[in-house]
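Participant: So the protein sequences, as listed, match chains A, D and L.
Numbers 44 to 251, taken from the numbering used here, label the letters of the first sequence in order.
Numbers 44 to 251, taken from the numbering used here, label the letters of the second sequence in order.
Numbers 44 to 251, taken from the numbering used here, label the letters of the third sequence in order.
I should point out that these hints are in silico values taken from the structure, not numbers from a laboratory.
Be careful, since some hints might not be right.
[What the hints assert, rightly or not] Heads up, simulated DSSO-like pairs for lysine-lysine below, C-alpha to C-alpha not over 30 Å straight-line:
#1 K150(L) to K150(D)
#2 K150(L) to K150(A)
#3 K150(D) to K150(A)
[Stated by the list, open to error] Listed below are several chain L residues computed to face chain D (Cβ distance under 8 Å; list not exhaustive):
#4 L93
#5 V186
#6 F187
#7 I196
#8 R237
#9 A240
#10 S242
#11 P243
[Claimed, not checked] In silico negatives: residues of chain L with every beta carbon more than 12 Å from chain A:
#12 A52
#13 V113
#14 V134
#15 V149
#16 G153
#17 R188
#18 A207
#19 W209
#20 S215
#21 L216
#22 L220
#23 L234
Note that CB positions come from ideal geometry on N, CA and C, so glycine has one too.
Given next are the chains, with one letter for each unit.
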Amino acid sequence: MAHDVFVLAGVLAFAMSGALQAVGRRMDVVGICSLGVVTAVGGGILRDLLIGAVPPAALTDWTLVPVALVGSLIVFWSHGRWTVPRRPMLVLDALGLGLFCVEGTVKALGFGLNPYASAVVGMLTGVGGGVIRDVLAGQIPSVFRHGSRLYVIPALAGGGITAALWSAGHFSLLALLAVAATVSAIRIASLRFRWRAASPRDLDLDVG
Amino acid sequence: MAHDVFVLAGVLAFAMSGALQAVGRRMDVVGICSLGVVTAVGGGILRDLLIGAVPPAALTDWTLVPVALVGSLIVFWSHGRWTVPRRPMLVLDALGLGLFCVEGTVKALGFGLNPYASAVVGMLTGVGGGVIRDVLAGQIPSVFRHGSRLYVIPALAGGGITAALWSAGHFSLLALLAVAATVSAIRIASLRFRWRAASPRDLDLDVG
Amino acid sequence: MAHDVFVLAGVLAFAMSGALQAVGRRMDVVGICSLGVVTAVGGGILRDLLIGAVPPAALTDWTLVPVALVGSLIVFWSHGRWTVPRRPMLVLDALGLGLFCVEGTVKALGFGLNPYASAVVGMLTGVGGGVIRDVLAGQIPSVFRHGSRLYVIPALAGGGITAALWSAGHFSLLALLAVAATVSAIRIASLRFRWRAASPRDLDLDVG
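Please model the complete structure; the sequences and the hints are all you need to start from.
Facilitator: Put into structure tokens, the structure is as follows:
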């Protein structure tokens with residue numbers, strides 16, 4: 044139950060980030076809702092296609108797409124009226140990242156994938172929606188860009204730790220929530236303290 | 044039989060729209076044929092992956108890809124010789140949209156998806172090919188753009204009405220063709236009367 | 044065994060081409076590794092989704108992603124220190140193309156697809172990774188562009204000949220390696236002798 048509330052908060056935050064990107068790229072309400080929904084459920088659809096869970100949860104679960112539409116429409120209506128506050132959005136997005144990478148790993152393990160594959164699938168569940176969002180908005184995925192804050196690495200670590208806990212038999216809801224919270228915390232710390240992954244040599248000279 | 048002729052007309056129109064886009068983006072004949080085929084069968088492949096109908100119909104049905112290749116090559120050969128007439132193309136594309144969204148919904152229902160999921164799958168069958176076309180051509184999907192004519196909304200309505208007819212037990216070939224024709228008519232009317240979906244406030248000021 | 048060495052050489056070459064593209068687009072190490080891995084295994088994942096072989100080999104086979112990561116990190120570390128030599132890279136990439144299109148066709152036939160569908164799947168196995176690489180790098184796929192050297196055509200021919208050999212009952216490891224080698228040789232000859240597919244009339248005037 045608490046779990047569902049968290050997941051829906053993540054869906055809402057992901058959808059708003061997609062919708063905000065769509066507004067910035069001069070899309071109409073169809074584009075805003077499409078980008079919002081795809082960002083929110085794209086990672087989960089990728090996960091379900093890779094593990095063979097068809098039709099994907101985004102289609103069988105009636106709550107996901109409507110919640111994503113609500114998030115998208117909030118952005119649509121608020122645009123030009125008031126500004127969506129940036130910080131709470133980033134915190135919600137980080138919570139979504141943590142929950143999605145843990146949940147994706149758990150679902151992949153439940154479908155019989157080995158721990159290595161499950162961790163990769165979990166990572167893709169967390170980051171996939173944002174990558175599809177950026178491609179549909181005509182931009183290089185932000186998580187790949189020089190100078191971007193950590194996103195893929197904590198998601199992969201979260202998937203890996205979840206799979207390791209499962210292999211070791213330490214697999215409780217509490218442990219899973221702790222992993223998700225740690226991933227979220229690393230993401231938020233990376234934003235706060237401007238952590239970033241290494242870049243090729245000459246790019247690093249630009250930033251110092 | 045009549046149904047097959049309509050579907051192949053839609054495939055032809057979708058392929059020509061992909062090929063025209065490829066010509067405009069300075070692609071060679073390989074790019075023109077690839078974009079033509081992907082535009083024509085991309086929505087159907089997306090549908091089949093989501094409902095678990097693998098291998099997809101585009102691979103098992105020998106007619107689809109060859110017809111799409113014919114459409115692509117017509118565009119390739121005609122370029123610089125005579126202009127592909129714009130209006131008949133848009134009408135054929137609208138017919139394809141109507142047929143594909145209804146057919147996609149029916150196929151999804153046949154694979155046991157619930158009506159809600161089937162309507163979404165039907166919409167994706169209709170619009171998916173065009174979205175993949177635009178992404179491969181390095182452009183933001185035209186159906187998302189500010190000022191674009193209605194495309195996703197009639198496709199979603201067509202899928203929804205098809206699923207509702209099925210739920211209510213009113214499910215005849217005639218009813219399905221009527222829904223497809225209505226979707227096509229709305230699309231054509233939207234082009235004729237310049238209907239468009241709402242955009243965020245400040246963008247709307249540009250258009251008036 | 045020899046086969047596996049060749050495939051891993053192809054994976055390495057594909058990964059390095061993705062990583063090089065990522066460096067050119069100012070990505071950090073996360074983007075470099077992601078683009079490298081996706082380029083190396085993207086075609087195979089596309090193949091496995093289309094034929095219903097889930098989870099895809101890229102997830103169940105422990106060697107593919109790590110080898111792709113090694114290739115990506117070589118590019119990352121070498122950047123600014125020494126230049127990745129262009130010619131050996133292109134030869135390795137051509138070897139990968141030949142092997143992947145033959146292997147993809149064989150795997151599709153083994154999953155019961157008809158020869159026509161299997162040839163298309165084989166072609167997609169060979170070219171899919173590069174197309175996804177270019178889309179993620181924000182560029183029109185290079186294999187579609189006016190003036191590009193032959194890539195899709197030899198891959199499709201390789202898939203077609205493999206499927207024809209299978210239909211005719213002439214199906215030995217030697218024959219398959221000969222087909223793969225021929226595809227690679229055509230690709231290399233196309234680079235050496237500047238072969239290219241036809242373009243629309245007015246574009247051809249530019250090149251002469």
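Participant: The structure should be examined with respect to each hint, and the outcome stated for every one.
Facilitator: Here is what the structure says about each hint:
At roughly 27 Å between alpha-carbon atoms, K150(L) and K150(D) fall within 30 Å of each other, so this suggested pair holds. In summary, the hint linking K150(L) to K150(A) is supported, as the alpha carbons are separated by about 27 Å, within the 30 Å threshold. Annotation: proposed proximity of K150(D) to K150(A) holds, straight-line Cα distance about 27 Å (limit 30 Å). The interface hint given for L93(L) is met, as the beta carbon of that residue sits about 6 Å from the closest beta carbon of chain D, less than 8 Å.
A distance limit of 8 Å between C-beta atoms decides the matter here; for V186(L) the minimum to chain D is near 7 Å, and the interface restraint holds. Interface hint status for F187(L): upheld, as the beta-carbon distance to the closest one in chain D is roughly 3 Å, under 8 Å. Interface restraint check: I196(L) against chain D, minimum CB-CB distance 7 Å, threshold 8 Å, status holds. Residue-level restraint check for R237(L) is violated (minimum Cβ-Cβ distance to chain D is 13 Å; threshold 8 Å).
With a cut of 8 Å, the hint placing A240(L) at the interface with chain D holds, because the nearest CB-to-CB distance is about 5 Å. A least Cβ separation of about 4 Å between S242(L) and chain D falls short of the 8 Å threshold, and the interface hint therefore holds. At a threshold of 8 Å, the smallest CB-CB gap from P243(L) to chain D is about 4 Å, leaving the interface hint in force. Every CB of chain A is more than 12 Å from the CB of A52(L) (nearest about 23 Å), matching its label as outside the interface.
No Cβ of chain A comes within 12 Å of the Cβ of V113(L); the nearest lies about 16 Å off, and the non-interface call holds. Against the 12 Å criterion, V134(L) stays outside the reach of chain A, whose nearest CB is about 24 Å from its own CB. Its beta-carbon lying about 22 Å from the closest one in chain A, V149(L) satisfies the requirement of being farther than 12 Å from that chain. Remark: the non-interface label on G153(L) is consistent with the geometry, its nearest Cβ contact in chain A lying 18 Å away (cut-off 12 Å).
Once the 12 Å rule is applied to beta carbons, R188(L) is consistent with being away from chain A; the minimum gap is 18 Å. Under the 12 Å C-beta cut-off, the non-interface status given to A207(L) relative to chain A holds; the minimum distance is some 31 Å. With a closest Cβ-Cβ approach of about 26 Å to chain A, W209(L) is found to remain outside the 12 Å limit, as its non-interface label requires. In this structure S215(L) is separated from chain A by more than 12 Å, as the shortest Cβ-Cβ distance comes to about 33 Å.
A cut-off of 12 Å between C-beta atoms confirms that L216(L) is not in contact with chain A; the least separation is 28 Å. Against the 12 Å criterion, L220(L) stays outside the reach of chain A, whose nearest CB is about 30 Å from its own CB. Remark: the non-interface label on L234(L) is consistent with the geometry, its nearest Cβ contact in chain A lying 26 Å away (cut-off 12 Å).
In summary, the one numbered hint that this structure violates is 8.
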